[in-house]
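Since the structure of chain X is already known, use the hints to place chain W on it.
What follows is each chain in one-letter form.
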Amino acid sequence: MTIRITAAAALALLMVVSGAAPAGAAEKTLTIGLLGPLSGAAASYGVELQRGAEMKTDEINKAGGLKIGGDVYKLKLVAYDQKAQAAEAATATNKLVFQDKTKYIIGNAVGATCNAAQTITEPNKVLFAFVCWGTSNLAPDKPYSFRSMLSQWELAEPFYRWVKETHPNIKRVAAISPNDTSGKDTNTAVVKALKSLGFEVAGDEYYERGTKDFYPILTKVLAQKPDMIDVAAAPAGEAGLILKQALELGFKGAKGWTAGTNPFTIISVAGREAAEGVWSPANINVKSEHVNSAVRKFGEAYEKRYGEVPGVIAVANYAAFDVFAQAMQRAGSVDTERVLDVLTKERFETVWGPLVIGGKETYGIDRQFLYPLVISEVRGGQVVDLAQVLPAALKKK
Amino acid sequence: MSTQLLIQSAMNGFGLAVVYILVALGLTLIFSILGIINFAHGEFYMLGGFATYYAFGVFGLHYVLALLLAVLAVGGAGVLAERLVFRRLRGKTLNGFIVSLGLLWVLQASAQLGFGVLDKAVPSAVGGVLRVGSVVISSERLLVIVSGVVLIAALYVFLTFTRAGRAMRAVAQDADAAALQGVNIEAVSALGFGVGCGLAGAAGALLAPIFAVSPTMGALPVVKAFIIIIVGGMGSLPGAVIGGLLLGAVEGIGTLFMSSAAVSMLGFLVVIAVLLVRPRGLFGVA
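As you go down the protein sequences, you meet chains X and W in turn.
The working numbering applies: residue 1 is where the first sequence begins, and numbers increase by one.
The working numbering applies: residue 1 is where the second sequence begins, and numbers increase by one.
Isolated chain X (complex conformation):
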């Protein structure tokens, strides 16, 4: 009898200590996967993805979990480093799907790695949200895939239209990107926009990821006398080096960064002088008075926690987590078919404001998150908003 009472008391104590919930809603764990380049030259993307996801996961768990149907789910985030390589991404996705048994992967970057991951997520009906910029990442035969950030196809045309209207002296533009799917697709979108708007293409150049010395490629580009260099899909570290070395070689023209997801990061690598004047259409300036209070609040919490200003990738992945969580709650289930049904039919309130999912005219299927883009400029070591523009797909909505 004494033993039984002691055991019961120990169990009760254990429940108090571990914070176990009383009977009622059954508490379960929902594993959410995340892929990303968490090391290497593109690590800035992966780190932001992970931090955005961590912020939302902790927010949900601190609020007691995610109530879906009759159950309460605590979220468990499992992240793997795919090193910006397709083969690594396939291995990591296999681990997430078959070892960790996740049905949701929220977060990935670098186009080729998304293609590799989709060979596993699509046949296994795993819902997959990413910020990859490959054209082929969204397609009618990939119904479980969503892009949570504007890509080159939404950004390049309105960005260069703005350049043409505000800086008519810029005639010749050279684009430099990494030699992979993201880079090729981005340069293709930039070149297409340039040609359609009447610019001359002064360079359509590629470099191998990991390159540090851009003198050879810049010597070739600068010989074509561009008025503007776009470090299109280069990640922050490499984009910074390109701009720094271009300045050393005497380039004084305009600078763009079509995929410039966080201009704050380029300042630290390129230095203030080389980064001065860089335009970016992909970024969101969380400190701007023009963004809504939800984004500003997220930015403040992020900076307090990580000591850095979040870029658009962190915001996008935070928003993607939010959208998927809302969709699960509305579906009353974690079954991906039912959640997909909600995702494609309903609208969601997020840090972006009311979120629109579109893109059918470009990709043949509505799987692209749409929101207004802000063109910003690096000025005196700060990021200043210049204009807010609607992507063509959003205008139609």
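For the record, the hints were derived by calculation from the structure and aren't laboratory data.
Mixed in with the good hints there might be a few duds.
[To be verified] If you anchor each label on the Cβ, the simulated ranges turn out as follows:
1. W:Val64 with X:Arg161: 44 to 54 Å
2. X:Gly381 with W:Pro279: 25 to 35 Å
3. X:Ala139 with W:Leu276: 54 to 64 Å
4. X:Arg161 with W:Pro279: 32 to 42 Å
5. W:Ala153 with X:His290: 52 to 62 Å
Heads up, the beta-carbon is just placed ideally off N, CA and C, and yes, glycines get one too.
Positioned in the frame of chain X, the structure of chain W alone reads:
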């Protein structure tokens, strides 16, 4: 194509070559003395970069002092690696190869945990650019080239005219015969490993202000260094210098005529061609 563009490209190539040579010389020195192909050599280059980042960028020491500290610290790390790991593997090429791969991952993962994964910018040590006509070179790069050439010359003097250097060459030629002549093989091995790693550390330290530093920064230079020592001949110091100049020229000038992917491929095509025609490399001994 203008002459000035060619000169600029050749200059770019020479700048690349000096760095490649520093890394390759250390790699080939270690191979010639211990018979070990050190895949972790790029991580010693990375350690040199981070030593400079902390000494110069964070703690604000004078750049020259930071460079010296970086070389000594990485050289010391090399001696430690030889004592703890590679000494027992001397002459066992396959075992050494596998262990060095393990060391690569350990050092890289440790760096990611310790230093973080993002690129870290190191302030410029010297500012400004030098212009001759339309040919441009930054003062930072000029400093790297001059320092690199001085280090290569210093290594030559050390190996040719000092007792320790001659002992290293003797061990490289025939360890048993050197031992019979009273050369302390263990001390020479440790010194050789230390000098080899110190050279990689010097390259990393010199390039830190130009390229920024990150835990994976050693991956590309070590691949280039392997191309160089295979072309130049495994264990041959003059081979490493000529191989480095050749690769620098191919990359510097080649980029003018073809894409960067094609240029990268060209380096490996040169390796294949040399291995087919002269398997021991340009300066290697059979």
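Going through the hints against the structure:
Under the hint 44 to 54 Å, the C-beta atoms of Val64 (chain W) and Arg161 (chain X), about 51 Å apart, fit the expected range. One distance hint, 25 to 35 Å for the beta-carbon pair Gly381 (chain X) and Pro279 (chain W), is violated here, with the actual separation near 55 Å. Here the CB-CB span from Ala139 (chain X) to Leu276 (chain W) is close to 44 Å, at odds with the stated 54 to 64 Å. Taking the beta carbon of each, Arg161 (chain X) and Pro279 (chain W) are about 59 Å apart, not inside 32 to 42 Å as hinted.
Judged by the Cβ atoms, the range 52 to 62 Å given for Ala153 (chain W) and His290 (chain X) holds: they are separated by roughly 59 Å.
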